[in-house]
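Using the sequences and the accompanying hints, generate a full structural model.
Chains as they are written, first to last, in UniProt numbering: chain A, 1 to 341; chain B, 1 to 341.
Keep in mind that the hints were calculated from the coordinates and are not lab data. Incorrect hints may appear among the rest.
[Unchecked claim] If the Cβ cut is set under 7 Å, some of the chain A residues that face chain B in the computed set are:
#1 Glu209
#2 Ala212
#3 Ala249
#4 Lys258
#5 Pro260
#6 Gly261
#7 Leu265
#8 Met268
#9 Ile269
#10 Gly277
#11 Phe278
#12 Ala282
[Stated by the list, open to error] Partial list, derived from the structure: chain A residues whose beta carbon lies under 8 Å from chain B:
#13 Thr84
#14 Gly227
#15 Asp263
#16 Thr270
#17 Arg271
#18 Gly272
#19 Ala275
#20 Thr279
Think of the CB as a built atom: it goes at the ideal place given N, C-alpha and C, for glycine as much as any other residue.
Number of protein chains: 2
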Amino acid sequence: MTAATSTQIHLARRPDGWPTHDDFATVSVELGDFAPGEVRVANEFVSVDPYMRGRMNDARSYVAPYAIGETIAGGAIGRVVASTVDALPVGTVVLHQHGWSDVVQADAATFRAVPEAPGVPLSLRLHILGMTGLTAYVGLTAVARIQPGDTVFVSGAAGAVGTAVGQIAKLLGAGRVIGSAGSAEKVALLTEKYGYDAALNYKDGPVREHLAELVPDGVDVFFDNVGGDHLEAALDVMNDGGRLALCGAIAGYNTTEKAPGPDNLANMITRGLTATGFTLSAYLHLSPEFGEKMTAWFAEGRIAYDETIVDGIENTVDAFLGMMRGANTGKMLVRIGAAGS
Amino acid sequence: MTAATSTQIHLARRPDGWPTHDDFATVSVELGDFAPGEVRVANEFVSVDPYMRGRMNDARSYVAPYAIGETIAGGAIGRVVASTVDALPVGTVVLHQHGWSDVVQADAATFRAVPEAPGVPLSLRLHILGMTGLTAYVGLTAVARIQPGDTVFVSGAAGAVGTAVGQIAKLLGAGRVIGSAGSAEKVALLTEKYGYDAALNYKDGPVREHLAELVPDGVDVFFDNVGGDHLEAALDVMNDGGRLALCGAIAGYNTTEKAPGPDNLANMITRGLTATGFTLSAYLHLSPEFGEKMTAWFAEGRIAYDETIVDGIENTVDAFLGMMRGANTGKMLVRIGAAGS
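Written out as structure tokens, the structure reads:
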């Protein structure tokens, strides 16, 4: 077995507010001899996602906090470069949750082989064909119970989840789909590429005022990735019986002081609204259903996507921070070069 | 047909913040000749309810605002004193929504005959055996999907709805039931009479701190009549997959400035919570189911209740204002004396 060095990004300390480089450490680890059942994988893409910010805190949540001094866990896709296991021979493409490193060596059971298909870039398994797409699908179907003709509003619509939500909503029969994003370029992309009927730039002025102009007939489904002013604006315009799928609240992820919630929650009562917070863990049983539909949509050329690529494991923290500040369009990914083998 | 005078409470102008007597007018109206199909009813009890405050505003809501210069509509129960309709002969007890007056004359179709039963005071049709009880039942079942063993927290637990919620929750198999109320006497009543396992006095200190001490194992169902600090406190302690039935938000009904919402809405996402606002209009189909169960429970002596009675139609505004400030235990009602006939 060839020796190899793994470059890993560890959590050095818990961030206070916005993370900085000092909160992370880049560590080189010599990978040792294989334990029985282990494989070694050279990553090709590593994912940086908003939810990771929450795991950097020492707070009760649906997953345990990241431990100090350990690699930041998360989605990644790579190729087996050494193996002790027949089921995962060298060359197999695998998805895993070992996170921010260029090379990872671990028990074969922690990797899942995925088929390589012509015309399907591997990176897509980390977003539109993977958890990101599933998040959009689950939020619209099981959580928000989307109905044909519904008007749908999506906050953070130019992000990885948001670009998927708009398209899937349309494919599921939504009427108007409206999105918010943080630049004129992103707003244009939403309407020109992602099937949004209208979009607003939340940096142009109060979302509350801008949104109301775009949805004269109100909103039936709100898919929230942002929280804060977006949630408040949506509550203003929800139709009776409307449903809110609360997926993310990136507006508050890096604040040190707790921000107050919307001033119009009473609309929940008078309009009979249902708001459901969700994370994928409770909905993984919908993965096969999603896989079937998304595979078909993708094959028919009905799914667009964008990736914002940062090269090199050593730039992972920059990718993560950029994503938190909205530097990405579509999915933010770290591409790993010719890694150790 | 005997002539009669109806004393009615009209909305004189829309209240700004806390209502005052100047927002209402007491008006004497001579009831004229009968139109075909009309009956005249002498009310015995008139209801004052929190939701009425919302209808005094000129705001979009699930029911139209009260019109200036018209009688405040709402639940009442009385007896037919003159009739042109065979189906509603003199002496029939009827429920109706004509609201704040001592005598009302209107089309027979706007009244619903209710049976008189020994041991069932008429006033109960305006609360525990009526809309109030149905509100509690619907909120726990259809809205919050209560499960046996659930820990339930009820805000404003000593009010008309709250006293019903605690008992119905227990009858439906809840585990611990915890309530909040605004005085030591009410807190004692909750645990001694209404089956609450524990209760807190929200005037003793921050609900947030007090509640957490009472629910070491968290809360599965929150039935909210108050909003504000109670909603925030509940969000702190909700268990994963918890459900919030948002029934009322009396904390904010008389504020002129919009109050910010809870600072911990992110818990909705990380804990997979569902919050559903509701008003009865969407759940009236459950009325027969509720009627059957509640009639049986009541006959078995398993339902306690309190009434806070104010005498005289001319004191209706005082009753309403008192109820808004928590002067009531259980249901606040106006009892009408020997009315015109």
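Verification of the supplied hints:
Because the beta carbon of Glu209 (chain A) sits about 15 Å from the nearest beta carbon in chain B, more than 7 Å, this interface hint is broken. Evaluation of the Ala212 (chain A) hint against chain B yields a violated restraint, the C-beta minimum of about 13 Å exceeding 7 Å. Hint status for Ala249 (chain A) relative to chain B: holds, with the closest Cβ pair at about 5 Å, below 7 Å. The interface hint given for Lys258 (chain A) holds, since its Cβ lies 4 Å from the closest Cβ of chain B, which is under the 7 Å cut-off.
Against a cut-off of 7 Å between C-beta atoms, the interface hint on Pro260 (chain A) holds, since the closest Cβ of chain B lies about 3 Å away. A cut of 7 Å between beta carbons decides the hint on Gly261 (chain A): the least distance to chain B is about 3 Å, and the hint holds. With a least beta-carbon distance of about 5 Å to chain B, the hint placing Leu265 (chain A) at the interface is held under the 7 Å criterion. Given the 7 Å rule on beta carbons, the hint for Met268 (chain A) holds: about 3 Å separates it from the nearest Cβ of chain B.
At its closest, the beta carbon of Ile269 (chain A) sits 4 Å from a beta carbon of chain B; the interface hint therefore holds under the 7 Å criterion. Here the hint on Gly277 (chain A) is kept, as its CB sits about 3 Å from the closest CB of chain B, short of 7 Å. Hint status for Phe278 (chain A) relative to chain B: holds, with the closest Cβ pair at about 6 Å, below 7 Å. A cut of 7 Å between beta carbons decides the hint on Ala282 (chain A): the least distance to chain B is about 5 Å, and the hint holds.
The closest approach between the C-beta of Thr84 (chain A) and any C-beta of chain B is roughly 38 Å, which is over the 8 Å cut-off, so the hint fails. Nearest Cβ of chain B to the Cβ of Gly227 (chain A): about 7 Å, under the 8 Å cut. The hint holds. With its C-beta approaching chain B no nearer than about 4 Å, Asp263 (chain A) sits inside the 8 Å limit, and its interface hint holds. About 4 Å separates the beta-carbon of Thr270 (chain A) from the nearest beta-carbon of chain B, less than 8 Å, and the hint is met.
Evaluation of the Arg271 (chain A) hint against chain B yields a held restraint, the C-beta minimum of about 7 Å falling below 8 Å. Taken as an interface hint, Gly272 (chain A) checks out: its beta carbon lies about 5 Å from the nearest beta carbon of chain B, inside 8 Å. For Ala275 (chain A), the shortest C-beta to C-beta distance to chain B is roughly 5 Å, which falls under 8 Å, so the interface hint holds. A least Cβ separation of about 6 Å between Thr279 (chain A) and chain B falls short of the 8 Å threshold, and the interface hint therefore holds.
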